[in-house]
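From first to last, the protein sequence lines are chains X and H. Using the working numbering, read the first sequence as starting at 1 and increasing by one per residue. Using the working numbering, read the second sequence as starting at 1 and increasing by one per residue.
Do not take every clue at face value.
As the list claims (entries may be wrong) - Result set (EDC-like, lysine to aspartate or glutamate): computed pairs, CA atoms no more than 20 Å apart in a straight line:
#1 X/101 / H/255
#2 H/157 / X/166
#3 H/167 / H/152
#4 X/113 / H/168
#5 X/139 / H/153
#6 X/192 / X/73
#7 X/139 / H/247
#8 H/249 / X/140
#9 X/139 / H/255
#10 H/61 / H/221
#11 X/139 / H/152
#12 X/101 / H/152
#13 X/101 / H/168
#14 H/157 / X/83
#15 H/157 / X/64
#16 H/167 / H/153
FYI, nobody ran anything at the bench for these hints, they're computed from the structure.
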Amino acid sequence: MAGEERNIKLKIENVKKIYNSRNGEMIALNGVNLNIAENEFICVVGPSGCGKSTLLNIIAGLLEPTSGNVYCDGKKVVGTGTERGVVFQQYALFPWMTVKKNVMFGLNLQGIKGEEAEERAMKYIKMVQLEDFLNHYPKELSGGMKQRVAIARAYAVNPSVLLMDEPFGALDAQTRTQLQSELLETWEKEQKTCFFITHDVDEAIILAQKVIIMSARPGRIKEIVDINIPYPRTQETKMSPEFLDLKNHIWGQVYHEYLEVRK
Amino acid sequence: MKEKNKGSKIPDKVWLLISFAVAMVLWYLLSLNPKTARSFPNIVVTIKATQTMLERGVFWKDIQSSLISVSAGFVLGFILSLPTAILMAWYRPVRNIIEPWIQFVRNIPPLAYVPLVVISAGVGRKPQIIVITIATFLIMTITIYQGVINIDETLIKAARVLGATDKDIFLRVIAPATLPFIMTAVRLGASVALTTLIAAESTGASAGLGMRIRSLNNSFESEPMLLYIIIIGIIGITVEKVIKLLERKLTGWQEKREI
Numbered sequence: 001m002a003g004e005e006r007n008i009k010l011k012i013e014n015v016k017k018i019y020n021s022r023n024g025e026m027i028a029l030n031g032v033n034l035n036i037a038e039n040e041f042i043c044v045v046g047p048s049g050c051g052k053s054t055l056l057n058i059i060a061g062l063l064e065p066t067s068g069n070v071y072c073d074g075k076k077v078v079g080t081g082t083e084r085g086v087v088f089q090q091y092a093l094f095p096w097m098t099v100k101k102n103v104m105f106g107l108n109l110q111g112i113k114g115e116e117a118e119e120r121a122m123k124y125i126k127m128v129q130l131e132d133f134l135n136h137y138p139k140e141l142s143g144g145m146k147q148r149v150a151i152a153r154a155y156a157v158n159p160s161v162l163l164m165d166e167p168f169g170a171l172d173a174q175t176r177t178q179l180q181s182e183l184l185e186t187w188e189k190e191q192k193t194c195f196f197i198t199h200d201v202d203e204a205i206i207l208a209q210k211v212i213i214m215s216a217r218p219g220r221i222k223e224i225v226d227i228n229i230p231y232p233r234t235q236e237t238k239m240s241p242e243f244l245d246l247k248n249h250i251w252g253q254v255y256h257e258y259l260e261v262r263k
Numbered sequence: 001m002k003e004k005n006k007g008s009k010i011p012d013k014v015w016l017l018i019s020f021a022v023a024m025v026l027w028y029l030l031s032l033n034p035k036t037a038r039s040f041p042n043i044v045v046t047i048k049a050t051q052t053m054l055e056r057g058v059f060w061k062d063i064q065s066s067l068i069s070v071s072a073g074f075v076l077g078f079i080l081s082l083p084t085a086i087l088m089a090w091y092r093p094v095r096n097i098i099e100p101w102i103q104f105v106r107n108i109p110p111l112a113y114v115p116l117v118v119i120s121a122g123v124g125r126k127p128q129i130i131v132i133t134i135a136t137f138l139i140m141t142i143t144i145y146q147g148v149i150n151i152d153e154t155l156i157k158a159a160r161v162l163g164a165t166d167k168d169i170f171l172r173v174i175a176p177a178t179l180p181f182i183m184t185a186v187r188l189g190a191s192v193a194l195t196t197l198i199a200a201e202s203t204g205a206s207a208g209l210g211m212r213i214r215s216l217n218n219s220f221e222s223e224p225m226l227l228y229i230i231i232i233g234i235i236g237i238t239v240e241k242v243i244k245l246l247e248r249k250l251t252g253w254q255e256k257r258e259i
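Full structure from sequences and hints, please.
Structure below.
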């Protein structure tokens with residue numbers, strides 16, 4: 001018991017979220033309980049509208065749960081905190097800042113300036129292989145490059161938890177595969193607790209140690225699937241029988257939920 | 001995305017010359033046609049009218065007076081519109097109370113309320129500035145307000161998760177994100193300031209481009225009238241070019257730009 005407790009990075013306890021809209025109440029999340037271990041890579045899948053993003057926003061502190069709590073390192077989450085970094089699907093780069101300035105933004109807010117900030121920014125810009133684009137503005141970058149900048153920006157403030165909301169959802173298949181392997185490489189080098197939302201089942205299995213399947217409205221955790229495929233995972237992993245079995249199973253569950261939504 | 005006409009071999013500057021030549025020919029034809037000749041005196045006599053106005057000692061005075069009214073009205077309009085727009089975007093009650101009236105007054109031609117302004121403010125410089133201030137304030141408030149409410153909310157979220165306080169968000173995210181809209185507002189405001197000039201100077205002004213056009217109208221002197229109209233146009237396009245240049249310098253990072 002005690003040993004298990006020690007490793008828990010994020011504790012999601014009975015989280016419920018109700019949105020009040022013109023059409024009355026909408027229960028987005030209903031009693032979500034989840035423990036995420038330190039440095040664990042979690043992927044969340046589920047049909048649109050199952051509350052995945054709502055859950056991520058609550059963990060990030062951008063939304064308040066209607067009831068229930070989230071704990072990070074045993075401390076109750078109230079508002080945002082730099083120990084919990086977020087990567088958004090829409091990149092959310094500041095268009096008036098160059099690549100370097102974007103990556104330095106969070107450091108400057110922490111009072112880290114000048115050479116130290118530049119050095120730290122450079123480390124992560126190199127990590128995402130954009131050192132040739134330091135002084136480019138976001139409008140001059142492709143979608144994949146923009147998301148690399150966003151990842152570098154999140155890493156630069158050194159969060160222990162990385163929350164990613166369908167970060168590769170808007171990218172083409174090749175770029176997505178490329179960024180997936182880059183993300184895994186980084187995660188293996190610099191361990192962080194990752195909470196990654198996707199609707200792509202392949203992506204979830206190739207990345208995660210655990211895949212969380214969420215049910216349709218109101219959002220609940222339907223099943224937690226352990227992915228016991230050893231890292232490093234490659235494109236060949238996607239051909240292995242264990243991968244295909246998992247894919248079959250998870251896809252079936254998600255599809256079932258998708259049909260529920262349509263009813 | 002960016003579309004540049006690479007098919008055409010004629011450079012833009014040459015096109016500008018061609019456009020200018022076409023206009024000159026058209027002007028010349030209008031000055032020959034007996035039906036339009038009185039409104040469109042030919043280019044030579046129109047330019048010569050400069051001499052007449054200089055001799056009367058009003059030419060520079062008129063330009064100076066108009067520029068003072070336009071600049072003062074514009075600057076006041078801008079100073080008032082910036083906080084109003086931000087408050088409107090920030091606080092729902094402010095928006096709900098003010099916005100309908102801005103839309104309401106915006107559609108009334110300034111010429112209509114000039115007499116009322118004169119009744120309270122008297123004649124001279126004051127009512128001119130008031131009229132231009134009102135007109136520029138309305139257009140700039142609406143434009144900036146639209147900009148502030150259209151700021152991409154994920155930018156604010158992204159700043160917040162990186163540790164930004166409310167003050168950081170205002171200074172480092174909202175202010176720069178609004179800058180393009182402020183520049184657009186400045187451009188539209190400058191244009192409105194000039195187009196409101198005639199109305200503003202119908203307040204019993206003693207000098208000014210708009211006032212002079214009206215008084216020349218009484219003596220049917222179409223040459224200086226046309227000259228003054230062209231001067232207003234030249235001032236307008238010069239101001240616009242300068243603002244556009246500034247816009248490109250300050251907000252060149254933008255993905256796309258319209259209006």
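Now for the hints, and whether the structure bears them out:
Between residue 101 of chain X and residue 255 of chain H the CA atoms are separated by roughly 17 Å; this keeps the pair inside 20 Å, and the hint holds. Taking the CA atoms of residue 157 of chain H and residue 166 of chain X, the gap is about 16 Å. The hint holds against a cut of 20 Å. Distance check on the hinted pair: residue 167 of chain H and residue 152 of chain H sit about 18 Å apart at the alpha-carbon level, within 20 Å; holds. As the CA atoms of residue 113 of chain X and residue 168 of chain H are separated by approximately 15 Å, the hinted pair is consistent with the 20 Å bound.
Among the hinted pairs, residue 139 of chain X with residue 153 of chain H is consistent with the structure: their alpha-carbon atoms are about 18 Å apart, no more than 20 Å. Distance restraint check for residue 192 of chain X and residue 73 of chain X: the Cα-Cα separation of roughly 13 Å lies within the 20 Å cut-off, and the hinted pair is therefore satisfied. Straight-line distance between C-alpha atoms of residue 139 of chain X and residue 247 of chain H comes to about 17 Å, which keeps the hinted pair within the 20 Å bound. Under the criterion of a C-alpha separation no larger than 20 Å, the hint pairing residue 249 of chain H with residue 140 of chain X is consistent with the structure, at around 17 Å.
For the hint linking residue 139 of chain X to residue 255 of chain H, the alpha-carbon distance of about 6 Å falls within 20 Å, and the restraint holds. For the suggested pair residue 61 of chain H and residue 221 of chain H, the alpha carbons sit about 19 Å apart, so the restraint of at most 20 Å is met. Annotation: proposed proximity of residue 139 of chain X to residue 152 of chain H holds, straight-line Cα distance about 15 Å (limit 20 Å). For the suggested pair residue 101 of chain X and residue 152 of chain H, the alpha carbons sit about 19 Å apart, so the restraint of at most 20 Å is met.
With a CA separation close to 15 Å, the supplied pair residue 101 of chain X and residue 168 of chain H stays within the 20 Å bound. Restraint check: the Cα-Cα separation between residue 157 of chain H and residue 83 of chain X comes to about 15 Å, which is no more than 20 Å; the hinted pair holds. Taking the CA atoms of residue 157 of chain H and residue 64 of chain X, the gap is near 14 Å; set against the 20 Å cutoff, the hint holds. Distance hint between residue 167 of chain H and residue 153 of chain H is fulfilled; the C-alpha atoms sit about 16 Å from each other, no more than 20 Å.
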